[in-house]
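S.K.: Letter by letter, the chains look like this.
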Amino acid sequence: MSTSSPPKKIAVSVTGLEKSFGPTRALAGADLIVEAGEIVALMGANGAGKSTLVKILSGSISADGGTILLNGNQVSFASPGEAQAAGIATVHQATDQAGAAGLTVAENLTLNELCGTGSFFVSPRSTRKRAAEIAALIDLDLPLDRDFADLRPAERQLIAIARAVAAKTSVLILDEPTSSLSSTEAERLFSVLRRLKASGIAILYISHRTGDLAAIADRAVVLRGGKVVASFAKPIDFSAAVAAMIGRTLDAALHDGTVSNAPILASVKRARLIPGARPFDLDLRSGEVVAITGTLGSGKSRLLRALFGLEQLAEGEFTLDGKPWLSNGPARSIENGVFMVAEDRWASSLLPPEIPGASIAGTIALPHLPRWFPLGLLRETRERLVASDAIGRLGIKARGPDDTLDQLSGGNQQKVVLARWQAAPCRLLLLDEPFQGVDVGARTDLIAAIRNSQSGSATLIATSDTEEALEVADRILVMRDHSLYEADGSHESLAAVIGSVESIETRAAGTGQTP
Amino acid sequence: EGIAGAPAPFDKGGVKIAVISFLGSGDWLQAFEAGVKRQADALGVEANLSQARNDINAQRELIQQAINLGVKGIVINNGQPEALKDVAQAALDAGIPVVAYDVNLDNAKIPQIEQSDADMARLVLEQAVKEQGETFDGGAVYVSGFAPLDRRYAVWKDFGKKYPGIKEVATWGVVNDSVPASVADQTKAVLAANPTLSVVFTPWDEFARGVKLAIDEAGVADKVKIYGVDISTSDIQAMREPNSPWVATAATNPAVVGEVSVRALAQLIAGQDPGHSVLIQPTLVTKQTLVDNDIKTIEELQEKFPAFKDSDAAKKDWIPASK
Amino acid sequence: MTDHATASSKPASTFAETARKYALFVLLAVMLVGFWSAQPAFINSANLFSILQAVSVVAILGVGVSITMSAGGFDLSVGSVAASSVMAASYAMVVLQMNAFETLGLVLLMGAFIGLVNGLLIVRVGVPDLLATLSTMFLLAGLQLIPTGGRSITAGMMLPNGTTAAGAYDPAFLVLGRGRLFDTVPYPVIVMGIVAILAWFLMERTRWGRVFYAIGGNETAAHLAGAPTKAYRLWAYVLSGTLASLGGLIVASRVGRGDVSAGNSLLLDAVAASLIGFAVLDKRRPHVLGTVLGAIFVGVLLNGLTMLNAPYYTQDFVKGVVLVGALALTFGLGKKKR
Amino acid sequence: MTDHATASSKPASTFAETARKYALFVLLAVMLVGFWSAQPAFINSANLFSILQAVSVVAILGVGVSITMSAGGFDLSVGSVAASSVMAASYAMVVLQMNAFETLGLVLLMGAFIGLVNGLLIVRVGVPDLLATLSTMFLLAGLQLIPTGGRSITAGMMLPNGTTAAGAYDPAFLVLGRGRLFDTVPYPVIVMGIVAILAWFLMERTRWGRVFYAIGGNETAAHLAGAPTKAYRLWAYVLSGTLASLGGLIVASRVGRGDVSAGNSLLLDAVAASLIGFAVLDKRRPHVLGTVLGAIFVGVLLNGLTMLNAPYYTQDFVKGVVLVGALALTFGLGKKKR
Ligand SMILES: Nc1ncnc2c1ncn2[C@@H]1O[C@H](COP(=O)(O)OP(=O)(O)OP(=O)(O)O)[C@@H](O)[C@H]1O
Ligand SMILES: Nc1ncnc2c1ncn2[C@@H]1O[C@H](COP(=O)(O)OP(=O)(O)OP(=O)(O)O)[C@@H](O)[C@H]1O
Ligand SMILES: [Mg+2]
Ligand SMILES: [Mg+2]
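Going down the list, the sequences are from chains A, B, C and D. My numbering numbers the first residue of the first sequence as 8 and each following residue consecutively. My numbering numbers the first residue of the second sequence as 59 and each following residue consecutively. My numbering numbers the first residue of the third sequence as 12 and each following residue consecutively. My numbering numbers the first residue of the fourth sequence as 12 and each following residue consecutively.
Note that these hints are calculated values from the structure, not bench results. C-beta atoms are modelled at their ideal positions from N, C-alpha and C, and glycine is treated no differently.
In silico DSS-like pairs for lysine-lysine, Cα to Cα no more than 30 Å straight-line:
id, chain 1, residue 1, chain 2, residue 2
1, B, K143, B, K95
2, C, K32, D, K241
3, D, K32, A, K136
4, B, K367, B, K188
5, C, K294, D, K241
6, B, K130, B, K143
7, B, K130, B, K74
8, C, K241, D, K32
9, C, K241, A, K330
10, C, K241, D, K294
11, D, K294, A, K136
12, B, K281, B, K220
13, D, K241, A, K175
14, D, K294, D, K32
What follows is a set of in silico ranges between Cβ atoms, one per label pair, in the way DEER data are often shown:
id, chain 1, residue 1, chain 2, residue 2, range
15, A, Q414, D, F124, 37 to 47 Å
16, B, Q346, C, N172, 37 to 47 Å
17, A, E387, C, L209, 19 to 29 Å
18, C, G336, D, P158, 16 to 26 Å
19, D, G204, C, G204, 48 to 58 Å
20, A, L76, D, R216, 38 to 48 Å
21, C, A57, B, D208, 28 to 38 Å
22, B, D331, C, V44, 35 to 45 Å
23, B, D208, C, R191, 31 to 41 Å
24, A, E89, D, E215, 21 to 31 Å
25, C, A57, B, A166, 19 to 29 Å
Take a look, some chain C residues computed to stay more than 12 Å from chain B by CB distance:
id, residue
26, V136
27, L209
28, T231
Just chain A, same shape as in the assembly (with noise of 0.2 Å):
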C-alpha cells in the first residue's frame, strides 16, 4: 500500500482501525500510512469514515479497535490535548469547533497554546503580537480584536487552519479545510502546505474537491464502507479514484449551458450592494440556475441575505413575478416560496439532538410547519413520509428519519439541509455553498435534483469553487468588490466564460485595487 521510496520515513501507520456508533459501523478495519514529507489525499463518499478517522487520530473519540503507529511507537490518545503533545495537529471539518465565541480573534488563533503549553502570563497585548505572527504564516489578514461570533464560516475556517499550520507538528490533518474558501484561499493554502511538506511534515488532506486534491496530493487513498479500498499514486487517476469511492462512474459533468428564452422570474435593477460600489444588474429566467463565484468577502453571500430579507440593499431594486419585492425577514420570503440555504450550516440549520424536531423529519419540516399544519396540528407520519423520500432520493447515510442530525456525516447533513427545500414548491431558491462538503457522486445526484426541479423557478447558487459552478450553472457570474460581472454574454461554452472570469480577477488583482 505504500510507495515504493524505502528511504522515507513512516509518519503515521493505522491498521484495522474499528468504530461503531451504534449499529453504524464508521470504521471497519482501516489501513493507511503516511510517509514523512507527503500529502496524502482521503478519499470517500459521505458516511465513509473519513472525519471518524480523523477524530480517532486527533484523539477527540477513540477507537474501538485497531493500532496507530506515530513515528513507529504504538499510541491511543485518551484527549485532543495528548494527540497535540504527541505532534498531531488538526483541522476538524465543522466549523461551530474552530473556535470560542466570547474570544476575539487574537485569542483564537493562539487558542492552542492556550489551551495547551504557551506562555503561563498572557496580556491583551502579548496575545496580539502571537497571534499576528500566526496570522502571517497563511497572510490572513483579520482585525485581531474582532468576536469570534462575529466572523463567517470562511474566516472561521482560515482561523483553525492558521492555528494547525502553526503549531509545528510532525503531522497534519485537515479535513475539508477548503470547503468555504475560494480558489484563491484555497491556492495560498497549497503553497502553505508544500512549503511544510518540504520540511518533511506528514499531511493528511481530506477533501471533496478533485480539484484540491489533483493540486496538491501526492497519493490518494480511497475509504468506502469504513475500509480502504483503493490507493493511487502518483499521478492520480481521479475518476478511477471516484469509480471506487462510490461504485459507479460519473459521466461528464458539464452540460451545454442553452441560453434560456424562459420569462424573467426575478430581476435586480441598479443594485448597490454597499455604498459606493459599482451597481449591477442581474435578471434569473424561470427554469434558470445561475452560479455566482468569487473571492472570500466579494459580497456573494451578502446578496443573497439581501434577497433573502436579511440585509437591506444600499440601492437599487428587487423585482418577483414583475412585482417589486422587498422582504423584511425570512418569514416573509419563505411564504412567498423565497427559499435561502445558508453558508453555515451548524450555525445556521441545525438543532441540538435532545430537543424535538432535531431529527431528520424536524429537520426538513420546519420551515414547512406552518404551510403543512395550518391549524398547529403536527402530524409527524407527513413529516417521516417527506424525510424517508429525501433519505431515498439523496442517498443520505441514516438509519431514518428519526435520526438526530448530529449522528450524520458532514456531507449527510448538508443533504439534509437542501431537501428541506426541495420539500415545498418554491420561486426562488438561494443557495450558498450549498454542496460544502458533499461528495462527487452525492453532488451530481443533488444538481440532477436540483436542474430537475426547476420548471417553474430560478435557483442563484453562490460558491466559491469554480469546478462546482461549472458543474450547476447555466449562466455563471462573478462577484467581486460587491458588484456582478457578466463575464461574457455569448455563452459558447461555460469554460470559455470561467476562462475570461479569471482573467478579470488577474486584471483585478493587478491593478492593486482594494475596496
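Chain A is already provided as a structure; the job is to place chains B, C and D with the ligands on it using the hints.
M.R.: Showing chains B, C and D with the ligands alone in chain A's frame:
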C-alpha cells in the same frame, strides 16, 4: 403506656397530636418544640412536629395533612387568621380539637394561647424610659408583615405619642437569610446619618444582634443603647459582654409556651375546658440582673427566675409535669 | 450509490436506556410504597389530593419556567410575579372592592403585562434573559409593598392615608383555592391539570411548541427557517408571567389575605421542578410533563417525611439526597463518551 | 489574504460605545454625588468603608459565581455553601474546640470539597450544572443543621446529647470579620481586595483564565484545541466553593455565632452582582472587575437609601429600577441587529 388515673384517651396512651408552626427555624422555634416534646413525653403522647417555613399556604397544607393523618389534636403555632380559619374549622368538623398560639382564629371552640407581644414591648420600653428619660432620639428596626413584630412595633409607636419627647428619627430593617449582618450594615448607615440617636428598639432578637454588631463596630456603645425583645443563650452572652449596648430585653420562655400549648390541647382531647384564653406573662431581663446573678445560659436563667421557667397556665392534676 | 443501511426500525433500547427513561417513575413508586407501608394514612385519597393541591402552585409556575427555558430563556421573576399577584388580588378586592371575576381578570392581565415587559426588555432592548428577569424580580419585590406602605392586606386594614379599607375578599374568589369538585378534587388540582394538559399539548403536539424548542436550540436556525423568533420569545415570557399570576391567584384564594411572606420559595421550587423534569423520560430538556412530575415528586417526598415526623432540617437534606441520587442514576447510566 | 478586512487599527469608538462602556461608572458617580449632597455624612471614610465591608461577602461569592459562569456553568450552591461554612466554623470552634487557624483550614477545605462534589457530579456523572448545584444547595441547607439538631451554635449551647458545648469563638477568629487595618480598613475589605485582584489576574492575565472563557464560549472547540476541559470545569467549581466558604468565614467572624440560614439571599445577591457586571465596560460576559463593581453598586445604593431613611420596601424597588435603567442604557444603546 397510658397514665393511670388520667381521663380517656390518655389512660390508654397511643395519642398522636400535630404541632404546626409557621416559622421555619431559629432558636425560638427550637425551644418551643423542645417544650412541646417534653410535655408530650410526660403525657405519653406522640407529637408530630412540622413547620411551614414562613409560607402561610404551606401551613394550610400541613393542617390539612394532619387531618388526613387522623391525629387526636392540633396545635397551631403562629400564622395568619384569614388563611387558617377555615382549615381550623375543618379540623374541628372532623372532630379534632385545636389550640392556637399567637394567632387569633376567632373561634369559640379554639382556645387562644398568647404571650402578649404588647406586654413584652411595654415592659422593655418602660425600662427604656426609666433609664433614658422621657426625651431621646430613638430608632426602631422593623419590617412589617410579621404579626408579632407588627404588634410590638405598634407599642413603640404608642410610646412616641405618649411621650412627645421621644422622637423616632429612623426606622430600618430587613428580613433575609443573614439578618444580623444585613441589619448591621444598615445600622451603620443610620448611625452615620443620625449622630443624635441614643435608643434603638429591636422587636426581634435577630435585629438586636445586628444593631449590637454595628454599634460595636462604630465604637458608640456608650452612647447608643438597645432595648430588645426575646432571649436565648447567645443573646444572654451578647448582653453580658463588657460594655454591651444591649441593656434590656423582655421575653417569655418559648419552651414554656410549648408546654402550655400541649397541656391545653390535652385538656381539650380529654373533654375538659382549658378556658378560651391562656396568657403567658413575659419577664424583663436586664443586663444588670444577668451580670449580678452570673447568668450565662437560658438554663441558668430558668433556675434563677422560676417565673421564667414555668407557668401555671393550663395545669391539671392528671397532667404530669414535664421533666 | 452510497451503501447506507436504512433500517427504519428503531433499535431495541438497552436496559440502561429504559432504566434512565423511567428512573424517576420507579423512584416515585418506591417512595409511594415506602411511605404507605410506614404510614397507612399516607395513601388515602384525601392525602393524595392534598399532596397534589400542595404542589399545584409550584407546578403551574414550573410550567411557565419550562416554557421560557425551552425558548432558550430563563424567567427568574415568576416567584415575585406570583407574590405580587397575591398582593394585587387582595388590593383589588379589599381596597378597590372589586368582585372575584374582575379581580381574576385584572391579575391575569397584570401577569401577562409583566411578562410582556420582561419580553420587551429581552427582545427589544437586548438585555440578557437572566438579567432582565432578575431586575423585574427585585422591582416587583419592592413595588408590591408600596401601595400599602409595606403592610399586609386584610379586610378592615388601615390604609396609608388613614382611612380604613372598606372591601373584603369575595367568597366566590375563595372557592378557587378552597373548594373541591364533587367534594373530592380540590379546584387548584383541576387548574393544574388543565394548565398541564394545555401546555403539554402546546409544547409537544403543535408547531408552535416545535418552534419554541427550535429557538431554544438554535435561534439563528429558527430565524432562518422563517420563525418570528422575537415574537415567540416575547410570547414565552407572556405565558410565563400569566401562569405565575395564575399561581399567585391560587395562593391568594387559599391564604385569603395579601401577605408579604407569600411566595417566598416559589421561584426556587419551580426551577427545581422543571430541572428535575429534565430527567423524566430521559428527555434532557425542559418539558411540561417532566415539570409537573418533578413538582409531584418533591411534594410526595415532603408530605411523606412530614407524616413520618422527620425534623424539618432533614427534609431539605433528603430532598437533596434524593435529587442527587435520581440525577446520578439518570445521567450516570447514560454517560455518553465524547 | 482577505481583500476586505482593511485596517487592523481600531475604528474611533463612537459616543454610544463609550457611553455603554462607562455607563455604570457614571451612574455610580452620580449616585455618590447625589447621596453626598442629600446627606453629607454619606461621604465620610468610615461610611464608605462600611459600604465596602457590607458588600465584601457578596462580592467574594459573586467572583466565584462569575468564574463558573465564564466556564459555561452556573453555581447555585454558593449561598448554602456560605451558610454551611458559618455553621461549620461555629461547630469547629464551639463544639470541637478548634482554634482560629484550624477552623479556617477546615472550613476552606470543606468549601473546596463541596465544589469538588459539584464538579464531579457535573463532569463525571454528566448532570447539568444547574441541576447538580441545585441539589447540592438543598442538600447543604439540610445537612448543616443535622449536627446540632437545628439549633444555632453559640458558646454554652446545649448539645443534642444533653451536654453543654465547652468551646467558644476564638478571639483571633473574630478579628477576621471585625478588625481593621490601621484602624481604618476593615479586614473583610482587604480580603475582598485580594480575592478580586487574584481572580482578576487569573481570569484576565493567565492562560488558565483564557481557557475558562474559551470553554464557556465553545467547550468542544476548547477541547479540540487541547484543553483538559473537564479538569477546568472541575476547578471552576472548586474555586467557587472555596470562595463561598471564605465568604461564610467572614460572615461567621462578624456575627460570632452559627446562625441557621439557607443563604438564599446571598445567592441571589451574588448572582445579581455578577450579572450587573456584564454591563461594566460593556463586556457582555461575566468578569471579575464587573462583579465586584456590581456588588459595590448595589451596596452604595442600599447604604444611601438607608441613610435617607427610605422605607425598606422601597429599597428592592429602587434596586430594580436602577438595574433596569442601567441595563436598558447599556444594552439599548448597543442594540445589535441580527
Ligand atoms: N456521533 C455519531 N453518532 C452516530 N453515528 C455517527 C456519529 N458520528 C459519525 N457517525 C456515522 O459514522 C459514519 C461515518 O461518518 P464520518 O463523519 O466519518 O463520515 P465522513 O467520511 O467524514 O463523511 P463526510 O464526507 O460526509 O464528512 C456515518 O454513517 C455517520 O452517520
Ligand atoms: N457577520 C459579518 N460581520 C462582519 N462583516 C461581515 C459579516 N458578514 C459579511 N461581512 C462583510 O461583508 C462583505 C461581504 O461578505 P460576504 O459574506 O457576502 O462575502 P462572500 O463573497 O460570501 O464571501 P465568503 O466566500 O467568505 O462566503 C465582507 O467584506 C465581509 O467582511
Ligand atoms: Mg467528514
Ligand atoms: Mg459567503
